[in-house]
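Peer 1: Assemble the complex: chain A is given as a structure, and chain B must be docked to it using the hints.
Residue numbers (my numbering), protein chains in the order written: chain A, 1 to 282; chain B, 1 to 235.
Don't read these hints as lab results, they were simulated from the structure.
Any given hint could be a false lead.
Pair ranges (Cβ atoms, derived) [claimed, not checked]:
1. A:D217 - B:L224: 49 to 57 Å
2. A:D214 - B:L224: 24 to 32 Å
3. B:A24 - A:I13: 35 to 43 Å
4. A:D217 - B:K148: 42 to 50 Å
5. B:A226 - A:F14: 25 to 33 Å
6. A:E180 - B:S4: 30 to 38 Å
Below, a list of computed lysine-lysine pairs in the BS3-like style, where the Cα atoms sit at most 25 Å apart [what the hints assert, rightly or not]:
7. A:K70 - B:K230
8. B:K148 - B:K231
9. A:K112 - A:K127
10. B:K148 - A:K112
11. A:K73 - A:K28
12. A:K91 - A:K129
13. A:K100 - B:K6
14. B:K17 - A:K100
Yeah, the Cβ is synthetic: ideal placement off N, Cα and C, and Gly gets one too.
What follows is the residue order along each chain.
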Amino acid sequence: MENIIEVNAMAKIFANQPAIEDLSFTVKRGEIFGFLGPSGSGKTTTIKILTGQLEPTVGSATVFGESISKLKKPEYRQRFGVLTDNSGLYKRMTVYENLKLYCELYGMPLSKIDEVLESVNLQEDRKKKVSALSKGMTQRVLLARTLLHAPELLFLDEPTSALDPVNTRHIYKGLRALNEKGTTIFLTTHDMEEADTLCDRVAFLNKGKIQLMDTPDQLKKRYADGTMTVELKNEEKVVLSTGTEDAQVLYEFMKNGQVATIHSNEPTLGDIFVKATGRVLA
Amino acid sequence: MNESIKRVNAIFQKDFKDFSRNIAVSVVLFMPLFVAALYGRMGVDTLDAHYMIINLTFAMVATFVQCCLIAEEKEQNTLRGLMLSPASTFEILSGKSLLTFVLTILVIVAGALLSEYQPANLLIVSLAIVLSSFFYIALGTLLGLWAKSVMEASVIILPVLGIFSFGSFLLPLAEKYPVLKVVEYLPSVQLIEIASKVENGAGFSETAMQFGIIFIWTLAAGTLTALIYKKRMMD
Numbered sequence: 001m002e003n004i005i006e007v008n009a010m011a012k013i014f015a016n017q018p019a020i021e022d023l024s025f026t027v028k029r030g031e032i033f034g035f036l037g038p039s040g041s042g043k044t045t046t047i048k049i050l051t052g053q054l055e056p057t058v059g060s061a062t063v064f065g066e067s068i069s070k071l072k073k074p075e076y077r078q079r080f081g082v083l084t085d086n087s088g089l090y091k092r093m094t095v096y097e098n099l100k101l102y103c104e105l106y107g108m109p110l111s112k113i114d115e116v117l118e119s120v121n122l123q124e125d126r127k128k129k130v131s132a133l134s135k136g137m138t139q140r141v142l143l144a145r146t147l148l149h150a151p152e153l154l155f156l157d158e159p160t161s162a163l164d165p166v167n168t169r170h171i172y173k174g175l176r177a178l179n180e181k182g183t184t185i186f187l188t189t190h191d192m193e194e195a196d197t198l199c200d201r202v203a204f205l206n207k208g209k210i211q212l213m214d215t216p217d218q219l220k221k222r223y224a225d226g227t228m229t230v231e232l233k234n235e236e237k238v239v240l241s242t243g244t245e246d247a248q249v250l251y252e253f254m255k256n257g258q259v260a261t262i263h264s265n266e267p268t269l270g271d272i273f274v275k276a277t278g279r280v281l282a
Numbered sequence: 001m002n003e004s005i006k007r008v009n010a011i012f013q014k015d016f017k018d019f020s021r022n023i024a025v026s027v028v029l030f031m032p033l034f035v036a037a038l039y040g041r042m043g044v045d046t047l048d049a050h051y052m053i054i055n056l057t058f059a060m061v062a063t064f065v066q067c068c069l070i071a072e073e074k075e076q077n078t079l080r081g082l083m084l085s086p087a088s089t090f091e092i093l094s095g096k097s098l099l100t101f102v103l104t105i106l107v108i109v110a111g112a113l114l115s116e117y118q119p120a121n122l123l124i125v126s127l128a129i130v131l132s133s134f135f136y137i138a139l140g141t142l143l144g145l146w147a148k149s150v151m152e153a154s155v156i157i158l159p160v161l162g163i164f165s166f167g168s169f170l171l172p173l174a175e176k177y178p179v180l181k182v183v184e185y186l187p188s189v190q191l192i193e194i195a196s197k198v199e200n201g202a203g204f205s206e207t208a209m210q211f212g213i214i215f216i217w218t219l220a221a222g223t224l225t226a227l228i229y230k231k232r233m234m235d
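In isolation and in its complexed conformation, chain A is listed as follows (with noise of 0.2 Å):
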């Protein structure tokens, strides 16, 4: 498949402490890329840098295979849309006002905007004023205006930090809906559940370099140690080998109708980033 991103040793140093370090990654056109960092750890910087809102100070990257330095020209703003933590809108105007402005930049039909406040949860809100919305409202607007030009690329930078779980929900339906339509989506987070519900691959940034690359389930297989909890019928639970050792001792719980529940022990996201790194994501 196509690499719709490419980043090739790329760093940014700000007053001499760099903010992210020999950086190099491809993200494949159609997928969902998490990148995946405490704050601080360079998530936002690199979104900057790929959408051309600063430069890098060494390395290079591409996105639609040109050079970042072309993201400046408006054909090929057309192709993404970002959301990031300075992002705003306009308070004294109403929710549709704001969608409609962005909507005619696009040169998009204004139907799209019942569409994208129906994909997140915000149709009945349409003619309230942003200055009256909560935070959450605000964000999800925020998300409705990348979402009306139904870009090539996405990036979202922690685009469910203010959210509750069933509006949470919600946004993660509407970005699976839109990337099985082709939208690649490029996700910074630090909520490592998020992650492992929405990404194909994951990197995990730390200090400004990148510690681990896969997909979740490649990394939760190389990180799992093996073992399986089992619970029994009067509440014992016994942790027992995956392997072969194990496998007669488990079968007679079986045999005797014991087994109430059995659970793989495999890591969670957020175990093998502390495991990877020394650090808890915050």
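Peer 2: Just chain B now, with coordinates in the frame of chain A:
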């Protein structure tokens, strides 16, 4: 081209709606009109008085309103959204300037009616006013890009108000303090010069020098604004 006009129009319409709900800034439109009505009722009919109102309009409407519109876009992080959209620098700056241009011209016309100013050559004076408004709007954009907030914008506008609206009052002191001769080249003073010459029957050829000076100011402000805007596109 058609797409370009649509984008400029979209930004203009957005600004119009947003501005009409922004009482704190839109109230400044009435200041030049109030002074004009006062002068008209008092029977003040000197060229300096008429152009004090016109230059006040440039500072308060063209520069201050524009400065606030741009500074607010920066403060609310909405300017970056426009910059990341397919709208070009020209489309964004044109769209952002169109409302201020229309308001400036409307207030100047209304002010002239209230103060009963009737120029001897409407065409030359109108062209000079339109050219001057481009300079003041570019200056407002520049200051707006520089200011971090609307609050800061309302402070940095004060020197502009002093220099460009009331700069001509320093001219009598130029003989005593030669450094003040520089005031003669201010666009506000050049505009008064054009109006004055027109009253004495001058045409385009006699006012070309003054038009040239205002044009240079406009070009310099416009170029600097475009450069700063490009710089603001990057973090």
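Peer 1: Would you mind marking each hint as holding or not holding in the structure?
Peer 2: Quick rundown of the hints versus the structure:
no.: 1; hint: A:D217 - B:L224: 49 to 57 Å; result: holds (55 Å)
no.: 2; hint: A:D214 - B:L224: 24 to 32 Å; result: violated (50 Å)
no.: 3; hint: B:A24 - A:I13: 35 to 43 Å; result: holds (41 Å)
no.: 4; hint: A:D217 - B:K148: 42 to 50 Å; result: holds (47 Å)
no.: 5; hint: B:A226 - A:F14: 25 to 33 Å; result: holds (26 Å)
no.: 6; hint: A:E180 - B:S4: 30 to 38 Å; result: holds (34 Å)
no.: 7; hint: A:K70 - B:K230; result: holds (14 Å)
no.: 8; hint: B:K148 - B:K231; result: holds (15 Å)
no.: 9; hint: A:K112 - A:K127; result: holds (16 Å)
no.: 10; hint: B:K148 - A:K112; result: violated (34 Å)
no.: 11; hint: A:K73 - A:K28; result: holds (23 Å)
no.: 12; hint: A:K91 - A:K129; result: holds (7 Å)
no.: 13; hint: A:K100 - B:K6; result: holds (12 Å)
no.: 14; hint: B:K17 - A:K100; result: holds (12 Å)
The structure does not agree with the numbered hints 2, 10 stated previously, though it agrees with the rest.
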